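What follows is each chain in one-letter form.
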Amino acid sequence: MDVTGFRNTPTLRYLSFNSVFFFDDEGTPTGGFNLDGRAASLMDQAHRPFLAPHEMANATPVAVMDKLRSASYVSEFMQVFGSDIFDTGDAAFERATFALQQYEKESAEFRPFDSKFDYFLAGKVQLSAQEMRGLALFNNPTKGNCAACHSSARLPDGTPPLFTDFTYDNLGVPRNPDIPANANPDYYDLGLCGPDRTDLGSRSDLCGGFKVPTLRNVAVTAPYFHNGKFATLREVVSFYVRRDTNPEEWYPNAGADRFDDLPPQYRANVNTTEAPYNRQLGGLPALTSDEIDDVVAFLKTLTDGYQP
Amino acid sequence: MQRIILLLLICLFPALPAQADEAALRERIDMLSKELEKLKHEMEDMNSRTEAIADQQQAVNHATAPGAQENASSQVSIWGYGEINYNRPTDQSRDSKMDLRRAVFGFGYRFDEDTRFTSEFELEHAVVSADDDGEFEAEQFYIDHNLTPNTRAKLGLFLIPMGFLNESHEPTRYYGVERNFVETAIIPTTWREGGVGLYGDTRQGISWDVGVTTGFYLGNWDPTSTDGQQSPLGSIHQELQNAKAKDLSAYLALNYRGIPGWVAGASVFTGKDSQGDPSVSLASGSRVTLWEAHTRWTPGNFDLSALYAMGTISDTADLNATFVGNPTLIPKEFWGGYLQAAYTFPLGGSRSLAPFARYARFNTGSKYASLPAGLNVDSLPTETVWTTGVNFYLNPNVVLKADYQHFSGDYPGDVNQNRVDLGLGLEF
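Line by line, the protein sequences are chains A and B.
One point on numbering: in this note's numbering, the residue at position 225 of the first sequence is 225, and numbering is uninterrupted.
In this note's numbering, each residue carries its 1-based index in the second sequence increased by 1000.
Derived from the structure by calculation, the hints contain no laboratory data.
Note that the coordinates shown come from a computational prediction; the quantities given were computed from them, not determined experimentally.
Heads up, a few of these hints could be off.
Unchecked claim - DEER-style ranges, computed between Cβ atoms:
1) A256(A) with S1314(B): 31 to 37 angstroms
2) V80(A) with D1099(B): 54 to 60 angstroms
3) G283(A) with A1266(B): 50 to 56 angstroms
4) S1281(B) with A256(A): 50 to 56 angstroms
5) P252(A) with N1416(B): 42 to 48 angstroms
6) S1281(B) with Q102(A): 26 to 32 angstroms
7) L12(A) with V1196(B): 49 to 55 angstroms
8) A129(A) with P1355(B): 55 to 61 angstroms
As the list claims (entries may be wrong) - On the chain B side, residues computed to face chain A include the following (Cβ under 8 angstroms):
9) V1127
10) D1131
11) D1277
12) P1278
13) D1318
For every residue, glycine included, the Cβ atom is placed at its ideal position computed from N, Cα and C.
Assemble the whole structure, with the sequences as input and the hints as a guide.
This is how it looks when you write it as structure tokens:
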């Protein structure tokens, strides 16, 4: 249990709206579970934590099933899945992950939609002036442009916004030296194209792409980005708008090693065309310091459990 | 009728021989009088039949093209229309496009003298699939029934009777390659709803049309898209596709046709657009209202027309507040109008040439509800479009078109839109 991991832990909330991994009509990678989308379902995703050395560290599914046999709820488990469920290979392990999936899909705990922003959408509270300015900057395609990926619009069926489109992006997030594996200069976590995910290894254009997470509860789910590089929302928003205008603030050797958490051959994959990244070195960032505060104030309205 | 009888007498009597005796002459006159009386009754009978047929034809006139062919034995009618358009922006020729804009086929069935079914099915942009731009849609699907000689009812999916183009949108019936902006951006042609309507004509030349139908749904508004700037109502129409129908809408259209060659009319459509849906509860009281007035005068070969339309969407402030920063908020008011003049030169046979000019001004977001300080959005700029060109009719049902459109405003989402258009249109 003292083995350190490689990635930030994503939230399980609102994942019941996600889908299996696919490429859309324009070839955009979409859906899938885990930050690289390699798990096809919530059930599939539930396998790994049981067995990963840096998580629960069970050696085999049998080890998990042995612990399940001694759990206080084993009789209920057998009542649901059959009294002989432990007699057939890994069936009990599979049913345990299935049960976790169904819990995540069926329980409203995982999608309460009760943030301040949800109350605002329902007309029950008003956002403060600063929060409203932040929302406008968040949506504005020429300012924050956050909603381009973290959609703030309701789904077609009226479901409140999920603040993700479940696509992938390559942001050129700085390398995080706090991850022990990064001590090896030859180690890179390339997301979609490996090393954890193996089926897209030949798609060099996808190297460095990680899933767009929901921003619901983002204020209480630090650290941020796939490698947990940043500890505060202000750092995150500042990075978005100042990465290209002031790279020296983010990369130790900005002149030579910009996008230093990617091998040089994949740095061209970093998104530099869309706002707010489409700014020139030394130019004006898309958001001022006060506007960054406004966006952060808005992001704090996305925390579940708001009491009006 | 009297003139016809007199003509017949003149035609018949010169053949009488001068030497005929008086008795024979009287007998012959009596016989001819009887024949004439018989002819008179037959002609009156024929006239009444003609009027009945005309009434029936008028009843289906909204849907059927003049050339619609009816198979007398099956009582089935089939008609169609379509257009292929070529647009070439003068400053950005790389954006030139040619498109089978629409191919429409109509089917009608006459159940009896009073009841008829009308339908139209439209294929847009040539190819329909999940990966293509094309659409296939039912544009009309309704039953029409004669209640009295001057009053008819329609039930189903039918066109809303506003303006000129929405009900009469076949390419042979309007000038210019593209449908005019006012009757697409403000009045969302081809605009249809599901419901029931009553319509008819008075002896004074007034035609009327009133009904209750489905309406718009504000939950379809996409603030991230510019669709709502292109046509506010076009972006929230439902087209009877699982249409939310808690709140029904109503319309009224009146036209005066008492003076030959001249028509003047006005119409209004209004209805709530939240449909009671929780996702747009912030605009639960919102209502769409669209007004329109038009006139057309056709002295000789001239064809002069004018139209003005204005729409409003109320109670949008709270919902717009959740959209702040997005490109397209819901407008409170939008409007447009045009003036058009054309002249038809007969070219012999069934060919004709009709040069025209149209001046249009419109604004799809002239007013917005107030938002919190610092977040208000500006009105959209008013667009002005001059369209000049010619319709060349090979016959009344086949038209070749060419025009030039000059844009002098800042229409949202596009610049340098000036373009040359070519088109082929037909209907049968």
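Contradicted hints - numbers only:
1, 9
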